[in-house]
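There are 2 protein chains.
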Amino acid sequence: MKKNLIVGQSGGPSAAINATLAGVIAAAQRDERIGTVYGSRHGIEGVIHDMVIDLTDFRELEKLKSTPAMALGSCRCKLPQDFDAPVYQFIDTTFQKYNVGYFLYIGGNDSMDTVDKLSRFYADRMDAPMIIGLPKTIDNDLAGTDHTPGYGSAAKYLAVTMNELIRDTAIYAIKSVTIVEVMGRHAGWLTLAAALPKLLGGQKPDIVAIPEVPFSESFFIDQIREKMKTTDNIVVAVSEGIRDERGEYIGSSAKSGAVDNFGHVYLSGVGKHLEVLVKNKIGCKVRSIELNLMQRCSSHLGSLVDIEESFSIGEFGVQAALAGESGKMATIKRNGDQPYSISMDTVKVTDVANREQLVPSKWFNLEDKKVQGEICRYILPLIQGDIPKFQNAYGLNDYVIF
Amino acid sequence: MKKNLIVGQSGGPSAAINATLAGVIAAAQRDERIGTVYGSRHGIEGVIHDMVIDLTDFRELEKLKSTPAMALGSCRCKLPQDFDAPVYQFIDTTFQKYNVGYFLYIGGNDSMDTVDKLSRFYADRMDAPMIIGLPKTIDNDLAGTDHTPGYGSAAKYLAVTMNELIRDTAIYAIKSVTIVEVMGRHAGWLTLAAALPKLLGGQKPDIVAIPEVPFSESFFIDQIREKMKTTDNIVVAVSEGIRDERGEYIGSSAKSGAVDNFGHVYLSGVGKHLEVLVKNKIGCKVRSIELNLMQRCSSHLGSLVDIEESFSIGEFGVQAALAGESGKMATIKRNGDQPYSISMDTVKVTDVANREQLVPSKWFNLEDKKVQGEICRYILPLIQGDIPKFQNAYGLNDYVIF
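Chains as they are written, first to last, in my numbering: chain X, -2 to 399; chain U, -2 to 399.
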């Protein structure tokens, strides 16, 4: 008897998560063992509250591949530890109502926690659906995989944008500091991508700071003073989550100290904090730039390698579910760099959920030529190629909206 | 006897100003009446301090066309009113040293002031070089021209990025407000480009605020409350230079009120100010995004129409100088929209220097279908087509660096 499939998306957006959705839909549509292909609105919440749409006849797969953010919507929902909680009954009711044999969930760390809990909830059930997690995060911090779908496109955005910002900040013959704040609460992978112009043998960004390396404000100011002896326009790439030696987030004290007209605190980021610090200690022209949501949703700069891998891992996940795998996350294994090639596999989601993959300490010294080479060999294959553009009659980017 | 040419760039960067430089170089290189083609470093300062480079044999014109910011460097130098000031003698000395017959200056309002003053300084001199201003500003606020080179590429960046941000902000089923701050101290042209997804018949951005229309904070909050009845995720496009009915910049009081740990004021923009306002008055999730330098230097999203026009106006300026015109600014005249066609002309720089072209009042009501149509007819032809990519061996954007 045919079983049906539900796919959902969760966590933060990327330029590639809809490519994985497209891969799931494509593989499910063409396999005779699968009946109806459902999409769950807002991740697991769509299953809980019975908000699903029928994608069995959806045909705009190519356009979906280059649509940023979650076409199905997302959620930030953490399932309870207690499997007797009513929410699990709601989920089970929906799965039974739609005769679901396969549940695919695309997301990052928190989403894999959902996959893990659902798998354990269904562990002893004969009618359990096959539950597969598909990795997605621009942060590249998921364990058990060489890299995560979504990272390549964000990395490409960061490298290209940093290259442009370096040109922009170089025009005036005066001393200046430009601080570029990059996403990454715990892992520095995205900031390493922003550092590519330097890692490829250039001078800039002059200073790179990632969360894995304790940050000292006084050393930072010393570095700027030193570098200003030989260059006018200092460019800094900094992860939003840098911390001092005690593990305190840089700027966290300023956050509680700064107040506006209403007496409310300014929730400014580390970039603004360092801007004020430089202004204060050095007094030169200084500017901070927060790359904000653009670094995760700029699908016009999507990496073809990333988008195609993201699509493939969606297809792969469906195959794994059809083969009877459950409680697993699909992963990417790198077979080689020259030429770059990958294969896909699965790992037990219990082994990866709630674990983080950080930048290894052997890569901390970005001035080391060997380290530069290794990081470039890791990142460069992931940012290659451009995705096809879909444009409407006005010449503007055109997206799938469910 | 052959005369030589100096070209310089001034003011703020754009994705197209190097295309105009390329046009000047191309036209000068192929005309037998011109000897050496010089580039002045950092605008007029390179002439004042004798910092020029020889571009006669420069060949990477196509790559230069897609290089963002000023390849020659820029300056923010205002020449004095007093023509007896020594700086004019320095300029004259350099012009004589290099046997300069033609001086081309690419820039915005302030740069045209330089062209105007230099022209008047040389007004009665038999050996005066021909002095031509070439318009450039992403702000599109120069008088005497249908639009300015550089605006089309920035407009394209804003429309594409807003389209992506709208997708990103739509994923969660919770009430939220996203405020996107766009450049434009006095004119709303760039914010109108960010509003294109709405002007083309969409719903978002939900609220658009430009400097030409007095802004009321209480009306703004009322608008958000009203719109939240029918939509979850409010998106706002706002010019950095919006003012209240008395002409005070919105958020200027907050700027003097907010202090950090050191007791220093936070120089946050209007986006952050409105973020705090919404947080305070409505209390929902709210985020502000400053598109910052990216909107002026993202040459990877350059408009082909803009880049080609920018190149052509550079060529045109050289022809005008060779024809004996001086004290003029080159301008673009729109001959038609369907098909879009332009021609070029010159105006006396005195008539345009220090004047601003604002968004006309007949275009203030963005809810009016007729107004939407007129603005789209104005902007859309300027953002068409993609510029060729220049990539190095690593697949990254590759630029000319003098």
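A portion of the hints provided could be inaccurate.
Copies of the same chain look alike in the list, so a pair counts if it works inside one copy or between any two.
Mimicking SDA-like on lysine to any residue, the simulated pairs with C-alpha atoms at most 25 Å apart in a straight line are [to be verified]:
| # | residue 1 | residue 2 |
| --- | --- | --- |
| 1 | LYS345 | ILE171 |
| 2 | LYS60 | LYS386 |
| 3 | LYS172 | GLY266 |
| 4 | LYS276 | ARG27 |
The hints are simulated quantities; they were obtained by calculation from the structure and are not laboratory data.
Owing to the predicted nature of the structure, the values given are computational and were not obtained by experimental measurement.
Numbers of the earlier hints that this structure fails to satisfy, in rising order: Hints 1, 4 are the ones this structure does not satisfy, whereas the remaining hints hold.
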